[in-house]
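Residue strings, one per chain:
Number of protein chains: 4
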Amino acid sequence: MRMFAALAERAVYYETHGDGFPLLLLNGIMMSTKSWTPFIEVLSARHRLILIDFLDQGQSDKMEAPYDHGIQVDAIFAVLDDLGIESADIAGISYGGQVALQAALRQPERIRRLVIANAGLSTSAWLAEIGHGWNNVAGDGRAYYYASIPSIYSPGFYESRKDWMEARRAKLIPLFSDPVFAAQLVRLTDSSESYDISAEADSITQPTLIIGSETDCLTPLMEQKKLQAKLPNSELVIIPDCGHASMYEKPALFASLVLGHLAHDQREFAI
Amino acid sequence: MRMFAALAERAVYYETHGDGFPLLLLNGIMMSTKSWTPFIEVLSARHRLILIDFLDQGQSDKMEAPYDHGIQVDAIFAVLDDLGIESADIAGISYGGQVALQAALRQPERIRRLVIANAGLSTSAWLAEIGHGWNNVAGDGRAYYYASIPSIYSPGFYESRKDWMEARRAKLIPLFSDPVFAAQLVRLTDSSESYDISAEADSITQPTLIIGSETDCLTPLMEQKKLQAKLPNSELVIIPDCGHASMYEKPALFASLVLGHLAHDQREFAI
Amino acid sequence: MRMFAALAERAVYYETHGDGFPLLLLNGIMMSTKSWTPFIEVLSARHRLILIDFLDQGQSDKMEAPYDHGIQVDAIFAVLDDLGIESADIAGISYGGQVALQAALRQPERIRRLVIANAGLSTSAWLAEIGHGWNNVAGDGRAYYYASIPSIYSPGFYESRKDWMEARRAKLIPLFSDPVFAAQLVRLTDSSESYDISAEADSITQPTLIIGSETDCLTPLMEQKKLQAKLPNSELVIIPDCGHASMYEKPALFASLVLGHLAHDQREFAI
Amino acid sequence: MRMFAALAERAVYYETHGDGFPLLLLNGIMMSTKSWTPFIEVLSARHRLILIDFLDQGQSDKMEAPYDHGIQVDAIFAVLDDLGIESADIAGISYGGQVALQAALRQPERIRRLVIANAGLSTSAWLAEIGHGWNNVAGDGRAYYYASIPSIYSPGFYESRKDWMEARRAKLIPLFSDPVFAAQLVRLTDSSESYDISAEADSITQPTLIIGSETDCLTPLMEQKKLQAKLPNSELVIIPDCGHASMYEKPALFASLVLGHLAHDQREFAI
Chain A
1 MRMFAALAER
11 AVYYETHGDG
21 FPLLLLNGIM
31 MSTKSWTPFI
41 EVLSARHRLI
51 LIDFLDQGQS
61 DKMEAPYDHG
71 IQVDAIFAVL
81 DDLGIESADI
91 AGISYGGQVA
101 LQAALRQPER
111 IRRLVIANAG
121 LSTSAWLAEI
131 GHGWNNVAGD
141 GRAYYYASIP
151 SIYSPGFYES
161 RKDWMEARRA
171 KLIPLFSDPV
181 FAAQLVRLTD
191 SSESYDISAE
201 ADSITQPTLI
211 IGSETDCLTP
221 LMEQKKLQAK
231 LPNSELVIIP
241 DCGHASMYEK
251 PALFASLVLG
261 HLAHDQREFA
271 I
Chain B
1 MRMFAALAER
11 AVYYETHGDG
21 FPLLLLNGIM
31 MSTKSWTPFI
41 EVLSARHRLI
51 LIDFLDQGQS
61 DKMEAPYDHG
71 IQVDAIFAVL
81 DDLGIESADI
91 AGISYGGQVA
101 LQAALRQPER
111 IRRLVIANAG
121 LSTSAWLAEI
131 GHGWNNVAGD
141 GRAYYYASIP
151 SIYSPGFYES
161 RKDWMEARRA
171 KLIPLFSDPV
181 FAAQLVRLTD
191 SSESYDISAE
201 ADSITQPTLI
211 IGSETDCLTP
221 LMEQKKLQAK
231 LPNSELVIIP
241 DCGHASMYEK
251 PALFASLVLG
261 HLAHDQREFA
271 I
Chain C
1 MRMFAALAER
11 AVYYETHGDG
21 FPLLLLNGIM
31 MSTKSWTPFI
41 EVLSARHRLI
51 LIDFLDQGQS
61 DKMEAPYDHG
71 IQVDAIFAVL
81 DDLGIESADI
91 AGISYGGQVA
101 LQAALRQPER
111 IRRLVIANAG
121 LSTSAWLAEI
131 GHGWNNVAGD
141 GRAYYYASIP
151 SIYSPGFYES
161 RKDWMEARRA
171 KLIPLFSDPV
181 FAAQLVRLTD
191 SSESYDISAE
201 ADSITQPTLI
211 IGSETDCLTP
221 LMEQKKLQAK
231 LPNSELVIIP
241 DCGHASMYEK
251 PALFASLVLG
261 HLAHDQREFA
271 I
Chain D
1 MRMFAALAER
11 AVYYETHGDG
21 FPLLLLNGIM
31 MSTKSWTPFI
41 EVLSARHRLI
51 LIDFLDQGQS
61 DKMEAPYDHG
71 IQVDAIFAVL
81 DDLGIESADI
91 AGISYGGQVA
101 LQAALRQPER
111 IRRLVIANAG
121 LSTSAWLAEI
131 GHGWNNVAGD
141 GRAYYYASIP
151 SIYSPGFYES
161 RKDWMEARRA
171 KLIPLFSDPV
181 FAAQLVRLTD
191 SSESYDISAE
201 ADSITQPTLI
211 IGSETDCLTP
221 LMEQKKLQAK
231 LPNSELVIIP
241 DCGHASMYEK
251 PALFASLVLG
261 HLAHDQREFA
271 I
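Protein chains in written order, with the numbering used here: chain A, 1 to 271; chain B, 1 to 271; chain C, 1 to 271; chain D, 1 to 271.
None of these hints come from the bench; they were simulated from the model. Note that the structure is predicted; figures quoted are calculated from it, not measured. Yeah, the Cβ is synthetic: ideal placement off N, Cα and C, and Gly gets one too. Each hint should be verified, as a subset may be incorrect.
Covered, in the sense of this in silico footprint (three residues per stretch, anywhere, with C-beta under 8 Å from a C-beta of chain D), are these stretches of chain C [claimed, not checked]: (1) 39–48; (2) 75–85; (3) 102–115.
Taking beta-carbon pairs under 10 Å as the criterion, some of the chain A residues facing chain B (in silico) [stated by the list, open to error]: (4) V42; (5) A65; (6) P66.
Work out the full structure: start from the sequences and follow the hints.
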């Protein structure tokens, strides 16, 4: 099912696959619903999988003025309302993980469990500055590619997937050169700068699996450790030899970790 | 279902729970089928869960003469034969992980996927010496308890579960004082000393999830890294703030990791 | 110079080597001044090196009744007084690191800089229990050896130094069998159980280098991280592939780290 | 002493400070002799400290055509010859560490000991691509700043030194906008692309201290681990919570590590 939910005047694109307890997958900043295509079969086998394009992503409406994550949280609930879904699990990576945590703060009763990959409690001054660097060359496809892409991946993945990386570069440079797309990326990046849930994160009580990568150079592992320390009902697993985009670098493992966390209700074990 | 499989003259105790593709759970050295009781519900929901007592464990027959892991591999296949099972997944921890890897080497066509927690490629000289220390005080319940148990757990778990640890001590010291049980532990420990699959591990091609714990003081994380480097179709995840007995320290996460690895067939993703 | 300082009725053995600003080296629990023999030349080249046997160690007097670290702090200052030394640097490992920190709390004006290896802020419940295990087999040389020694070393060191470890075992088992020596070890171990400087550690303002080992199975690396977080003027370095006894496993590096920390006064750099 | 050594037609700037066994400090790619100003006092107290501007750095001659590291190795030996120095220690960071290792391969008898910070065995495809990204925006000061600088530092340092980072940005953007300076950086970066000593590194037998940073996002810690595994006479220390520019983030510790490694000859300890 491919649909649009209405959020005020705007359309939020989503699609659903399969049946079962709803599982929302939330994109990283440069991703779209299409990024998850290889995961659809495996993640929809036992779940009603819902993919969403955030505003300024993919087939959702573009924005004009600056905004913050709050509107993306609105978008999520607009989709759930559109589908008549009371409660869902959410797995989000990077930007999507940040938005997922805020959705759990906004309407905790509607989120059952969380998987948060490669995100932290806040956008550090350092990460904000990296975002400024991306925005500074927005529209210059080649400069934007180099500013943002290589350091998203781990050196080992890069070496082992040179062809894939080159294909990606060939595809992304024209895309990043498109002024409309470039403006979307700028707004998305800007929308993250104010992200900071440090003060209220301890009220997120959903069972949460946090995934950190040992060589994440955007949201270093320390960020996931801090997040785990704050979330009262969370566990952290670390993927060695993996960069920020864990779902690209270790897709089978990423899918396993998501499915495993959602596979059972039991949190107390009388060992 | 609770049954015994015959292995030559010996009886191998096993029990099965639930339906689905068979999942064998293999014990650590001081464990038995009973150790998994809190996991039965969650692990049998979608699998035919098979618990086994190795020889010299729980309700299986005791041995007399020394042996090596080979006889435990025999025991596994005796159980599978008894059940008429052609192929199964195996999840094993510590001793059970070592035996699981050897089962995959012995009859690779009968093992579909593996989860190996807190085990390595071989029994290092260091680990062998720790085993000598256990055996040296075998039968002296208190000495054996102190020689073997505290360093199995991480300091953080120990602090947070003082009551549980004290109850465990109160239960284990009498048990370790029983000369029959003590002799079983000695033989089990001795049976691991020759464990070394370094030379052939690269022929284990089953999709394998390796679980390592950051503060494992029996099979330190480096052992899982070496194992992962050798197994051509394996992934490693690291659990921080966790000791050797990951299934006791992080039972919900352990269950999630096992279920997640078994939840899908897809290893190739056209990302 | 080999001398005894008087502490009430008791004699504290010490020796000094070389000239320069005084550097006190403080022993781990099973060590004595003799353990540092291989380090004397290198550490006394530019320092007045002072080795001390704590009470109940080496050539210092034996104790009878239980005590805590306080008396070892007394011993340190008795030695400094005996030598007429106003101010000294201290490098301590394990037990010696714990005592060094308490000396800095007791008479901060007399301690210039600190190197603290393989120690933490407190004796955790876990570490206390490991100590109980040592004491439980005190006097049984072989059992004590196995309870305490192998897990002090990293697996990699153990493998690469098998002859040394065997020589050590041959020497230590008779020593641990000596009831007088065994009683000393019991008291030393007991004296650590109450160690806890968590509440006041942040008042230790000496420039402090903290050394942690990646596979320390007595005072795991997390303990040094916690210590570093509390000491306002401290730095942490991590030695990979190294166990608790870093001065035995990496003696050249250990000496370099100590000498480097003491080699300069400059803490502020206008970079 | 401030001088120029002649290398063919080119002048290599160097300066010396203090007396003692010579210690050459080698710059990272964006550094110059001036970057070490805060270290001069502490590093020249017991050493004849030699600072060098590589060709295309600081006060040394600019190049025109592309070159590789070989010419920088030439520059080092031209300076040593000019000073009549037979043998020296070298400490190098990043680019300077790579050149130091090649100097040790070229004239091993003239290099006594090495300290190699934040460098690896080769320029990975990933690191090369990051270099391409820098070069792609060469001359655009702001874009170059963002492409290269933030990810050199760790998030924690960045947060704690916001004023310093802002001052650095204000200074570097104009500098990076200068076409002459930009062309120098391009050539320096290009000169690293072919760096690969994997095949011969095991013949470097000088006592070598390798310094790795836990959150190095240019030459991740894994690179230093690989380097350490290859160098037969090396030790690795890890600085936690530190990025690629360890000498800027932890200057006092960096100085201590260098001084400590050079403070003694003793590599064998009869422990």
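Check: If you check each hint against the structure, which ones fail?
Finding: 2, 3, 5, 6
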